[in-house]
Each structure stands twice: as structure tokens, then as C-alpha cells.
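Student: Residue numbers (this note's numbering), protein chains in the order written: chain E, 2 to 487; chain A, 8 to 104; chain Y, 449 to 950.
Source of the hints: derived by calculation from the structure; they are not laboratory data.
Any given hint could be a false lead.
For lysine-lysine, the following DSS-like pairs were computed, each having C-alpha atoms within a straight-line distance of at most 30 Å [to be verified]:
hint	chain 1	residue 1	chain 2	residue 2
1	Y	Lys542	A	Lys33
2	E	Lys89	A	Lys93
3	E	Lys212	E	Lys125
4	Y	Lys684	E	Lys89
5	Y	Lys684	E	Lys140
6	Y	Lys684	E	Lys63
7	Y	Lys542	A	Lys93
8	E	Lys89	Y	Lys542
9	A	Lys49	E	Lys85
10	E	Lys304	Y	Lys684
11	E	Lys89	A	Lys33
12	Y	Lys725	A	Lys49
13	A	Lys93	E	Lys225
14	A	Lys49	Y	Lys542
15	E	Lys89	A	Lys49
16	Y	Lys834	E	Lys89
17	A	Lys93	E	Lys28
18	Y	Lys835	E	Lys85
19	Y	Lys684	E	Lys85
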Amino acid sequence: MSKMLQDELSNYETVIGLEVHVELATKTKIFCGCSTAFGAEPNTQTCPVCTGMPGSLPVLNKQVLEYAIAVGLATDCEITRYAKFDRKNYFYPDNPQNYQISQLYLPICRNGGVEIETEEGGVKTVGIHEIHMEEDAGKLIHDEWEDCSLVDYNRSGVPLIEIVSEPDMRSAEEVIAYLEKLRLIIQYLGASDCKLQEGSMRADVNLSVRKTGAAQFGTRTEMKNLNSFKAIARAIAGETKRQIDLIESGEKVIQETRRWDDTKGESYAMRSKEDAQDYRYFPDPDLVPVAVSEEMLEQIRAKQPEFRNEKMKRYKEEFDIPDYDIEIITGSKHMADLFEAATAICGQPKKVSNWLMGETMRLMKEKETDAQDLSFSPENLAKLIGLADAKVINGSVAKEVFEVMFEEDIDPEQYVEEKGLRTVNDEGALRKTIAEVIAANPRSVEDYRNGKEKAIGFLVGQTMKAMKGKADPGAVNQILREECRK
Amino acid sequence: MANIISDETIEYVGILAKLELSAEEKEQAKADMGRMLDYIDKLGELDTTGVEPLSHVFPVQNVFREDVVTNSDMREELLGNAPEQKDGMFMVPRTFE
Amino acid sequence: MSITDMTAVEVAAAIRAGKMTAVEAAEAMLARIEEQDKRYNCYVTVDRAGALAQAREVQAKIRAGELTGPLAGVPVAVKDNMCTEGLLTTCSSKILGNFVPAYTAEAVLKLKEAGAVILGKTNMDEFAMGSTTETSAYGVTRNPWNTGHVPGGSSGGSAAAVAAGECCYALGSDTGGSIRQPASYCGVVGMKPTYGTVSRYGLIAYGSSLDQIGPLTKDVTDCAAVLEAIASHDEKDSTSVERQDTDFTSALVEDVKGMRIGIPNDYLGDGLDEEVKAAVLKAAADLEGKGAVVERFDLSLVEYAIPTYYTIAAAEASSNLERFDGIKYGYRTEAYAGLHSMYKKSRSEGFGEEVKRRIMLGSFVLSSGYYDAYYLKALRVKALIKKAFDEAFAKYDVILGPVAPTTAPELGYSLLDPIRMYLGDIYTIAVNLAGLPGISLPCGIDKNGLPIGLQLIGDCFQEKKLIQTAYTYERLRGGFPSGKDQEINSPEPDEKEECRHE
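Take the sequences, apply the hints, and build the full model.
Tutor: Written out as C-alpha cells, the structure reads:
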């Protein structure tokens with residue numbers, strides 16, 4: 002970065018607010034009994050309601066309301082005791098009624114916030130302006146052959162909550178910290194899997210810049226199509242620079258919606274004269290108000306899970322594992338679940354933690370797997386620990402088996418039997434192999450006898466190799482030493 | 008007539024409502040809408056300070072469905088009315104610029 | 449007695465008694481439609497094959513004792529804004545000219561459960577927007593009492609079909625008077641139930657907060673029987689109300705002793721035709737003679753009902769009709785340049801004038817900067833109107849008045865001036881705004897030989913009081929001539945455009 006640009010950037014402050022859409026993990030759509038399962042053939046999960054057939058009417062899925070309230074309670078929001086749905090009117094083919102049922106006037110949650118850790122190590126609260134429930138749109142697929150678009154309404158009517166933050170963030174790091182915090186809370190609640198890549202969590206970035214110390218916000222733009230944390234960071238950097246360049250060259254920032262193209266690293270305006278941006282919101286007469294009673298709130302409160310902080314505290318008390326491990330394990334709801342379930346089966350928290358912190362993390366990195374997507378079962382991890390404890394397999398075989406488990410969630414007991422990976426406990430056979438190794442490596446034996454401790458390692462390696470890894474390295478070591486000293 | 012509807016307004020409402028009016032229809036629409044709004048302006052005579060807007064006539068609330076899949080595949084029936092379709096989907100003019 | 453002279457309940461009784469079969473009943477009706485509907489144009493679609501197949505099926509069930517209800521085997525006509533699976537449903541609009549629904553409206557399903565035989569779909573004002581059935585894309589419907597006059601609307605096809613003996617009864621829908629007013633113009637009984645009593649699932653929406661399906665019948669007994677059959681709590685309609693008192697036929701009792709009846713002075717003022725006024729007051733006097741306590745009172749706010757209604761109904765309609773876009777069903781324009789051009793041309797060519805007028809108005813009153821001044825203001829006035837009715841029903845069991853200021857106008861007259869047409873709804877519209885039940889029944893004939901309607905309005909969920917009062921009046925009044933017997937008075941209609949689907 003040139004000195005000039007750096008100066009320019011440091012004269013400005015970036016002000017960011019987020020609109021985060023989260024697809025809720027319900028079995029059915031928000032207003033009809035169609036399945037939300039992912040990956041079905043186009044339009045096979047549709048009905049008159051979610052395809053906007055004339056005369057069809059919406060009925061609210063209770064689970065959607067409960068999830069929305071649960072997220073609101075977990076983010077310190079006030080729950081609106083009398084909420085309504087409104088229609089947002091705009092024409093687009095992915096929107097079968099040409100209005101989206103959403104909430105404008107009386108959203109279900111308001112005035113909350115979450116705490117994030119700042120780069121300086123401090124804590125900052127990002128305010129949540131509101132959370133509202135709404136329906137997702139269908140999917141448009143471009144058909145190159147016919148030069149037209151095709152509409153699949155399977156996703157139409159999938160429930161969403163939109164979490165609208167206050168413009169409280171000042172950097173990409175804060176934005177990502179906020180998103181990670183939200184994601185964790187929602188995953189802990191089981192309200193969504195929050196996968197950015199698959200679109201079950203989507204973030205639109207509202208960004209403006211102002212001279213450092215200025216009291217008023219600048220004109221903001223809204224950026225869409227951000228599918229990863231990396232894209233979000235790049236888009237924030239790109240848009241910040243674009244706005245500063247505009248201002249520095251005496252031009253004005255226009256309030257508009259822009260689409261981020263991550264491969265090109267630039268955004269462009271999504272403008273159209275047919276887009277009046279006047280949504281004519283009004284209360285949907287087909288839906289009745291939602292009155293949240295004290296009992297309903299109590300029931301949802303009672304069902305709230307143990308969140309990360311409470312979990313960390315409990316782990317410290319219950320399990321003898323390092324604080325660092327606790328932090329990593331509770332950083333993902335799925336990993337924490339794995340840890341607890343495997344520990345419950347095998348009773349060895351330390352060993353379970355070691356597997357998660359060691360091999361699991363290594364493979365996750367290697368295979369670019371998200372913690373939420375770990376597919377091996379706690380039962381199988383516990384079995385693997387059992388096999389190693391009983392010395393049925395040795396440590397390196399265990400790692401080998403784990404790698405297969407990581408990919409395919411095989412039953413390690415069965416796998417070890419099928420592949421013949423059991424450690425050979427036949428001492429006669431072992432002694433015979435060792436005798437051969439000693440005979441074949443006289444120099445190393447000599448070195449060891451002369452005090453070169455390292456030489457024993459080489460001989461152990463040679464023996465393990467000859468045994469195809471299926472020997473207990475401890476036993477090999479012991480016998481080798483005996484034999485060499487003879 | 009108190010409400011004069013401008014060309015811009017009729018144009019704008021046409022964009023919102025996705026209606027394209029001929030020059031003659033536009034003039035008629037301007038006159039009709041002006042008259043209707045004059046008529047609706049009668050409501051201004053009433054003092055409604057402190058009156059809650061009434062959307063639903065009865066206090067019906069909390070009507071929910073359980074989160075249970077009840078619908079089966081009816082793609083063929085639903086697509087049956089589409090002016091154009093392809094590969095089990097509704098065909099529309101291209102939406103990407 | 450010919451089937452065309454019998455009420456629905458009488459036809460069902462004859463079928464149960466084996467004096468007639470459901471198939472014969474359907475055939476008689478179909479023959480009648482064949483013979484004279486070119487003259488009236490009550491139907492958009494006649495489902496001859498479907499009706500006969502249903503009739504055979506229903507007859508078998510009646511024989512087997514599986515169907516014993518008071519409407520089993522009786523042929524019915526359904527307004528063309530209720531979805532019928534596999535049967536064209538047009539809303540009398542070009543934009544739905546080829547729409548065949550994948551499902552059936554809940555109210556129609558209820559009728560089918562009761563053993564009804566559906567003859568076809570009746571003509572209406574396009575998307576129920578109009579008071580004369582002249583805005584239909586499939587030609588006007590003519591009043592059987594005099595074919596030079598309109599049948600009223602928007603359920604004009606249903607009302608005219610009942611009056612002309614082209615069905616035994618019909619379903620209509622009422623958003624601002626669309627059942628009661630055509631019933632009045634055609635000399636039949638029409639009822640708009642309390643909002644939420646009949647499921648709206650499958651009724652193609654005009655003004656969702658106002659729309660309600662109801663019966664059009666030859667007499668009050670049929671009206672009660674049909675309402676009993678179609679009233680239901682439907683989990684698919686969030687605004688559907690769960691009520692226990694839907695045994696409406698139990699209210700067919702000839703007794704109004706002590707019934708408190710209020711006549712709003714506001715309903716007898718300027719613009720009300722003298723003959724209509726006289727007939728309505730005569731009906732009130734008759735009821736008083738039977739022991740009812742009749743009083744005049746000031747309802748207030750009557751003149752604000754129409755602007756309130758047109759704001760709310762147009763706003764809801766502008767949104768409800770957005771789904772007609774040429775993508776999923778219905779009309780798509782031939783030539784277009786891109787998506788938005790396709791939308792605009794399909795909609796502009798597919799919708800008629802009155803529909804476009806209301807969509808434009810509705811889009812405007814909801815648009816940025818006007819929402820509070822128009823839409824919210826109208827919802828506030830609606831609250832005041834509801835309050836005025838609440839106060840009235842604290843004093844009265846039933847409100848009595850005319851249905852419309854005049855009898856059926858001549859064809860073409862109302863179209864000249866939309867606002868004049870809107871004013872014709874002055875006595876019916878507030879009932880929808882307040883969600884109340886209302887019934888219209890014949891109470892006289894004017895000097896032109898056209899029927900005059902009497903309207904009774906009840907408090908929410910008080911249909912039984914209305915039915916009891918209407919039934920008592922009907923017995924007092926005695927038999928009323930049928931529209932089908934008035935043909936002789938009518939001029940020969942001009943050759944009309946033949947748009948009916950068969």
C-alpha cells in the first residue's frame with residue numbers, strides 16, 4: 002500500500018451495519034407443509050401456497066416463531082408481545098406472489114446486542130436493531146441455451162430470520178467477529194446450521210465512510226452476494242476504498258444496492274429504472290397477529306441450551322483438560338456435542354480432547370472441513386480410544402484408522418478386524434523378526450552398544466516396518482534393548 | 008378537483024403496479040384517480056386522533072401450524088398452467104443482465 | 449311440480465324419496481341452461497360431463513344411505529372466483545382465461561361432501577370488482593326479470609342463475625355487497641356470513657380482509673341449509689373462526705316477538721328510491737305486527753364507509769393481484785422485450801379497465817409518502833365504523849334497511865360513472881368493513897316490475913337472529929314471483945359476444 006493511500010485511509014472511519022439472513026432448521030416451510038430438505042428435484046417440494054397459486058393462504062409454522070424468539074432471547078433482545086406480518090411488494094420471478102411476507106412494523110425482536118472481542122483484546126457490544134421473520138424466495142437458474150431463466154420454487158417459503166444490526170462495526174475484523182458470534186449462538190440453539198457457502202447464512206453489508214471524528218454518518222451502500230468470510234473482508238476493503246476515492250475526487254456516494262463480484266474483486270450497482278424501491282408494506286390480511294404470552298416465553302426460555310460461556314465454565318470444573326482445548330472445542334456446537342457424547346461413552350475426556358485437538362484439527366485443516374461438518378460419530382471415536390487403550394492397535398494404526406473414520410465414519414472395531422490391523426501379541430513371532438532385524442543391521446546394533454541411544458529408534462522403525470505396523474512399539478523397544486545388550 | 012395527478016405520478020404508479028397505459032388510458036387514469044382521491048379525502052373530515060388502525064375485525068391471534076411435512080409432490084399439476092416450462096421449472100425471460 | 453319451481457331442500461327431499469334422481473335433476477338443469485343461457489349468460493363454464501358424473505356418483509351414495517343431508521344430489525352453480533380442481537376458473541378475466549386449478553376451494557369441498565352436483569362456474573365482475581357483472585371479460589349477464597337491466601354484481605351470474613332457474617342454488621362471494629346486492633336485483637335470497645365463518649381457502653382474493661363466501665338461494669330455508677353446509681373452521685385459512693353454533697337451520701323459526709329491530713335513519717336518506725323505501729318500511733311494519741320492537745336510530749358514519757372501503761379494498765387488491773404476472777399461470781403477452789416488459793404487457797392486456805383502475809389506486813395509497821394519509825387513515829375510520837355498529841348492537845338484535853338505493857339499473861348506466869356505481873354499495877359496504885353478517889331477501893316489486901330487496905344486518909356471529917327474522921318475514925310476505933317467470937316482460941337482448949367456455 003502506498004503511503005498516500007495509507008494516509009487517506011487513516012483519515013477515514015468505516016461504519017458498518019449488517020443484515021444477516023439465516024435459514025431456520027425447520028422441517029417445513031414458514032407458511033405451508035412443504036419439506037425444506039435440501040437437494041430435491043426442482044419444484045417437487047412445492048404446493049399452491051409456496052408457488053403463489055390463486056386462492057391459496059398462508060398459515061404460520063409455530064417452530065419458526067419459537068426459533069426466532071429463541072434467537073432473540075439469546076441476543077438480549079426485547080421480544081415484541083404483539084407482532085404482525087407485513088407484505089413487501091415487488092415483482093421478481095423468484096417471488097411467486099410478487100410480494101414477500103415479512104415483518105416491518107412490528108418485528109418479533111428488537112433492541113438486542115451481542116458482545117464481540119476486539120483486536121485490542123477488549124469487548125464491544127454490537128447492537129441488534131431488530132430480528133424479523135420472513136419467507137425465502139425461489140431459485141433462478143440461467144439457461145444459456147434458451148437465453149431465459151428457469152424458476153425452482155423449492156426454496157420459496159423456507160423460513161428466514163433477518164437480523165439487522167446497528168451500524169456499530171468499524172472494521173472487517175469486527176464484522177467477522179460479530180458473524181462468528183451470531184453463528185455460534187444460532188448453532189448452539191439448533192436454529193440453523195448457518196453455512197455461508199450453502200447460503201443458510203447470508204450477510205448483506207451496509208457500509209459508509211466518514212472523516213475520523215465526524216459526527217454524522219456518510220451515505221451508505223448495501224452490498225449483496227457475500228458467500229464467505231473472506232469475500233466479506235475483501236468486499237469491505239474494496240467498498241471502503243471506492244467510497245473514499247469518490248469523496249476524495251469530489252464526487253458523491255450514492256445510496257444504492259451493489260453486488261459484489263468476488264472473483265473480479267469489485268462491486269457494481271444493481272440499478273434499474275423498473276426498480277422503484279417502494280415496497281408498499283402493509284399488514285398481511287391473510288395472517289393474524291402473534292401474541293407472545295409470558296408462558297410461551299417461559300417455555301422457550303426453559304428450552305434454551307447451555308451456551309458457550311456456561312459450557313466453558315462447566316468443562317473447567319468437570320474435565321481435566323487445558324483451557325485452550327476448552328476454547329477450541331466449545332467454539333463449535335457440533336464439536337462440543339461430539340466431545341461430550343464420546344466422553345460420556347468412554348469416560349476419558351483427556352483422550353477425547355486429544356483426538357479432537359490433534360488429528361481432528363489436522364485433518365480439518367488438510368481437508369478444509371468446517372467443524373459443523375464433522376461426520377464421525379462419538380460412538381466410533383469412543384471405540385477407537387478403547388482399541389488403543391487395550392493395545393489392540395498401536396498409536397500409528399489408530400491414526401490411520403481415524404483418518405478413514407474422519408472421511409467415512411466407519412466402525413473402527415470392524416475395520417481393524419477386516420483389514421487385519423490388530424497388533425501382533427505373539428512374542429515368538431516378534432522375537433523372530435527382531436532377531437532378523439539385528440542380524441541385518443549390525444552397525445546400528447554396534448552404535449547402540451556404544452551408547453548411541455538414537456540407534457534404537459532406527460531399529461524399532463525397521464521392526465515395525467517388518468511387522469507391517471501391527472506390533473506394540475513399547476514391546477518392540479523393550480525386546481530390542483534386551484537383545485542388543487546380549 | 009382538489010387532487011391533480013401528474014404524468015410523473017401515473018408513470019410511477021405504473022411502474023409499481025406493472026401496468027403500461029396508453030396515452031389515452033393515462034389521461035383517463037389521471038382523471039379517475041384524482042376523483043377517487045377527492046372522494047377519499049372526505050375521510051379527512053373525521054378526527055381519528057388516538058384511534059388504533061383496525062386491520063382484523065376480531066381479535067383472532069396465534070393461529071399456527073405444527074412443523075410437520077404434509078405436502079407431497081404435485082409438480083406436474085402446479086406446472087400445468089405455466090405459459091412456458093422446461094425441465095420441471097417455470098420459464099421466464101432472462102433475469103440476469 | 450317442475451324442478452325449476454322447487455327449492456334446493458325440496459329437490460333433495462324428492463331425490464331422497466325416490467321421486468327424482470340426482471341425474472334427472474342435473475339433466476333438467478343442464479337442459480335449461482342449454483335452452484336459455486344464451487339469453488342471460490349466467491355461466492362462464494358449464495361442466496356438463498362433470499356434473500352428470502358427479503350426479504351418478506352422488507345418486508349411488510344416496511341409494512347406499514351414505515348421503516342423507518338436506519342438499520344431497522342438488523345441482524349448484526359456483527361463482528367463477530372459487531378454485532375447482534380440473535375445472536376452468538377465470539374470475540371472469542382474460543388474465544385467467546385458461547387457468548385450471550390444481551385444487552378445490554374449501555367451501556366447494558364442503559358442498560361436495562354434502563352431495564352437491566356442480567353444474568358450472570358463474571359469471572361475475574372481473575375479480576369481483578364491480579356491482580353489475582358488466583366488467584366480465586366474458587360478456588355481461590342479464591337480469592332474468594328484465595334483460596335490459598343488470599343482475600347486480602359482482603356475483604351477478606350466481607344470482608341470475610338462481611332467479612332464472614338455471615341452478616337450484618349458488619355460491620357467491622361478498623366483499624362490499626357482492627352477494628346481497630345481486631340477490632336484491634334478482635329477487636332471490638343472499639347472505640354474507642360473519643367474516644371467518646366460511647373458509648376463504650381457494651377463493652381468489654380481491655380484498656382479503658373483507659371477502660366472504662355465502663349462499664344465493666330461492667328462500668331462507670335453503671339459505672340456512674347451504675350456510676350450514678359450507679361453514680367450517682379451516683386450518684388452511686388463518687382468519688377462519690372456530691364456532692360451535694353453525695346449526696343454522698335450527699333458527700328457521702317463525703317468531704320475532706321481542707326482537708329488537710333498528711332502522712338507521714342514515715339508510716333512508718337522500719338518494720334512496722321512494723318505492724324501495726316504501727317496501728322496506730312496509731316489511732318493518734309487518735315484522736312489528738308480529739311482535740318485533742322496531743325503532744329508528746342514527747347509525748352515523750354511513751357516508752364514510754364507501755371511501756374507507758375503496759381505500760382498503762383497492763390496497764389489498766393491488767397486492768393480491770400482483771401474482772398474475774404471466775409466469776406461473778394465465779395469460780402471457782405474445783411479444784415482449786425482457787422481463788419487465790413481459791410483466792407490464794401481460795398485465796395491461798390481461799386485466800380489464802375497472803381492475804386496472806383499482807390496482808392503480810391501491811398501489812398509490814400504499815406508496816411511500818401516502819400510506820399513513822390514506823391507508824392507515826382508512827383503517828382508523830374502519831375502527832370507528834366498527835364501534836358505531838357495536839353501539840347499535842348494544843340496543844338492537846337486528847338492523848333493517850334497504851340493500852341498494854334503487855332496483856336494478858339498465859345495462860351500461862353504471863359504467864358511465866365509476867363513482868356513481870360505487871355509491872350504489874352505500875348500504876352494504878359497512879357490513880364488510882365491520883365483518884358482520886347480512887342477508888338480503890325480496891320485499892317487493894317496483895313499478896317497472898323489478899324486485900326490491902330488504903337487508904337485515906346482525907352482530908358478529910348472530911346469523912341465527914338474521915335467519916329467524918328473515919324466515920318470519922318470508923312467511924308473512926308469502927310466495928314471491930320468480931325471475932324465470934318474468935321473461936315475457938323482457939325485450940329481446942342484442943346479439944352478444946359468445947365467450948362461454950364449454
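Student: Hint by hint, note whether the structure agrees.
Tutor: Going through the hints against the structure:
no.	hint	verdict
1	Lys542/Y with Lys33/A	holds, 21 Å
2	Lys89/E with Lys93/A	holds, 29 Å
3	Lys212/E with Lys125/E	holds, 22 Å
4	Lys684/Y with Lys89/E	holds, 22 Å
5	Lys684/Y with Lys140/E	holds, 25 Å
6	Lys684/Y with Lys63/E	holds, 14 Å
7	Lys542/Y with Lys93/A	holds, 24 Å
8	Lys89/E with Lys542/Y	holds, 27 Å
9	Lys49/A with Lys85/E	holds, 29 Å
10	Lys304/E with Lys684/Y	holds, 29 Å
11	Lys89/E with Lys33/A	holds, 26 Å
12	Lys725/Y with Lys49/A	holds, 26 Å
13	Lys93/A with Lys225/E	holds, 29 Å
14	Lys49/A with Lys542/Y	violated, 34 Å
15	Lys89/E with Lys49/A	holds, 28 Å
16	Lys834/Y with Lys89/E	holds, 27 Å
17	Lys93/A with Lys28/E	holds, 28 Å
18	Lys835/Y with Lys85/E	holds, 23 Å
19	Lys684/Y with Lys85/E	holds, 18 Å
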